[in-house]
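Based on the sequences and whatever the hints tell you, model everything.
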Amino acid sequence: MIDKSLYYKYLFIDFDSATPLYVQLANAISRAIEDKYLDTGEPLPSINELSYELELSRDTIEKAYKRLKKLNILDSIPGKGYFVLDNNINLSSGILLIFNKLSTHKKIIYDAFVNALGDNYPISFYIYNNDYHQFKKIIEKKVKQGNYAYYVIIPHFLGMEDKAIELINTLPKEKLILLDKRLESVIGNYSTVYEDFEKDIFTSLGTLKTAISPYKKINIVFPEKTYHPTEIITGLINFCKEEQMDYSVLSKLELNDLAKDNLYITLMEQDLVLLIEYALEKNWTVGVDIGVISYNEIGLKKIILNGITTFSTDFEWMGKKAADLILNNKVENIAVPFSVFKRASI
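Position 196 of the sequence shown, counting from 1, maps to 196 under our numbering, and the rest follow consecutively.
If you're looking for bench data, these hints aren't it; they were derived computationally from the structure. It is possible that part of the hints are untrue.
What the hints assert, rightly or not - Straight-line distance between alpha carbons at most 30 Å, and here's what the computed DSSO-like set of lysine-lysine pairs gives:
#	residue 1	residue 2
1	K175	K163
2	K225	K252
3	K107	K216
4	K302	K70
5	K141	K302
6	K302	K320
7	K320	K136
8	K282	K260
9	K320	K282
10	K144	K9
11	K320	K342
12	K142	K101
13	K80	K136
14	K142	K106
15	K330	K136
16	K163	K69
17	K9	K80
18	K107	K9
To be verified - Label pairs and their calculated CB-CB ranges:
#	residue 1	residue 2	range
19	D196	F83	44 to 52 Å
20	L158	I77	36 to 44 Å
21	D14	E281	47 to 55 Å
22	K144	T40	12 to 20 Å
23	E174	Y52	39 to 47 Å
24	E166	K101	15 to 23 Å
25	E42	I298	38 to 46 Å
26	R58	D14	17 to 25 Å
The structure presented is a predicted model; accordingly, all values stated were derived computationally and were not measured. Note that beta-carbon positions come from the ideal geometry of N, C-alpha and C, so glycine has one too.
What follows is the structure in structure tokens.
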């Protein structure tokens, strides 16, 4: 008998997501079945009941159930409703999708990926919070359960990356797609849709050469414990050496780190907020007394302090491209477009 309280907790719906609600629901039910929360032959809650519990329309529930029936995960009997056809889901047509975290930008990747795939593949989605041990647990458990059609992974780790690479190397390379970051030690013929971190910052600073040339120094806030690749620092240093500009790498931002006529680059949103707070505390004007560049474009940065200059990856493009590789059975290694949005902060 289904434990409904546990089952409903499993069916998380993100109403802010661009992914259609019925697709989110179908994926959540599929994962509950895959993880053996539901037995073969077990009836699912009626369309009316699930509509009431999740505050979703009957049409949304019905579309989710029909999607799973099309994938041979559910079946139905007229007058009795839907039931689990077999809780040993055939994963050979499924995708194991593993993200390091679910930030605003990772959600953009997820939504673009899922929407581009359409109804073609059931998706098992997991998050490992940049932690190798969580990642290992997910990989070992899911590989034991079945052989997926594709393994799509964002590989950002806070330590033990070498161990993670060993684990990734055990996966079939013709089914592997790495997103966001290249791992040179992963061997074989597999796909990557990646950010070229070193080249991106070097090129982006070059496009702003005239705007940033008046600054005495470029400072980048690069936390000690971060999953951000050190190639970002390498690209910055290469630019500064070529332009004969002074630079510094700050592991954390302190009030006394701020100096007039300096440019500051932040990777994390909390460091951007702290930087602005410190500038206001000193009664300085961003874009006049100091310059600010922030990684990753979001709508708010267009209006904060008349606009914050950003460097940003096209995350939607990344998700769509990963789906394209699957839909067209292609193996490619391709860099994601990277953009500069110049605003009043420099």
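The hints, checked one at a time:
1. K175 to K163: holds (20 Å)
2. K225 to K252: Cα-Cα ~10 Å, so holds.
3. K107 to K216: Status violated; Cα separation ~37 Å.
4. K302 to K70: violated (43 Å)
5. K141 to K302: violated (43 Å)
6. K302 to K320: This hinted pair holds, its Cα atoms lying about 25 Å apart.
7. K320 to K136: holds (27 Å)
8. K282 to K260: holds (10 Å)
9. K320 to K282: violated (44 Å)
10. K144 to K9: holds (25 Å)
11. K320 to K342: Holds, at about 26 Å.
12. K142 to K101: Given pair K142, K101 holds - Cα atoms ~18 Å apart, limit 30 Å.
13. K80 to K136: violated (41 Å)
14. K142 to K106: holds (22 Å)
15. K330 to K136: holds (27 Å)
16. K163 to K69: violated (39 Å)
17. K9 to K80: Between K9 and K80 the Cα gap is close to 24 Å, so the pair holds against 30 Å.
18. K107 to K9: Holds. K107 to K9 sits at ~20 Å (cutoff 30 Å).
19. D196 to F83: 44 to 52 Å: holds (49 Å)
20. L158 to I77: 36 to 44 Å: This hint is violated: roughly 49 Å between Cβ atoms.
21. D14 to E281: 47 to 55 Å: violated (36 Å)
22. K144 to T40: 12 to 20 Å: holds (19 Å)
23. E174 to Y52: 39 to 47 Å: holds (45 Å)
24. E166 to K101: 15 to 23 Å: Holds - the Cβ-Cβ distance for E166 and K101, about 22 Å, lies within 15 to 23 Å.
25. E42 to I298: 38 to 46 Å: With Cβ atoms ~42 Å apart, the hint holds.
26. R58 to D14: 17 to 25 Å: holds (20 Å)
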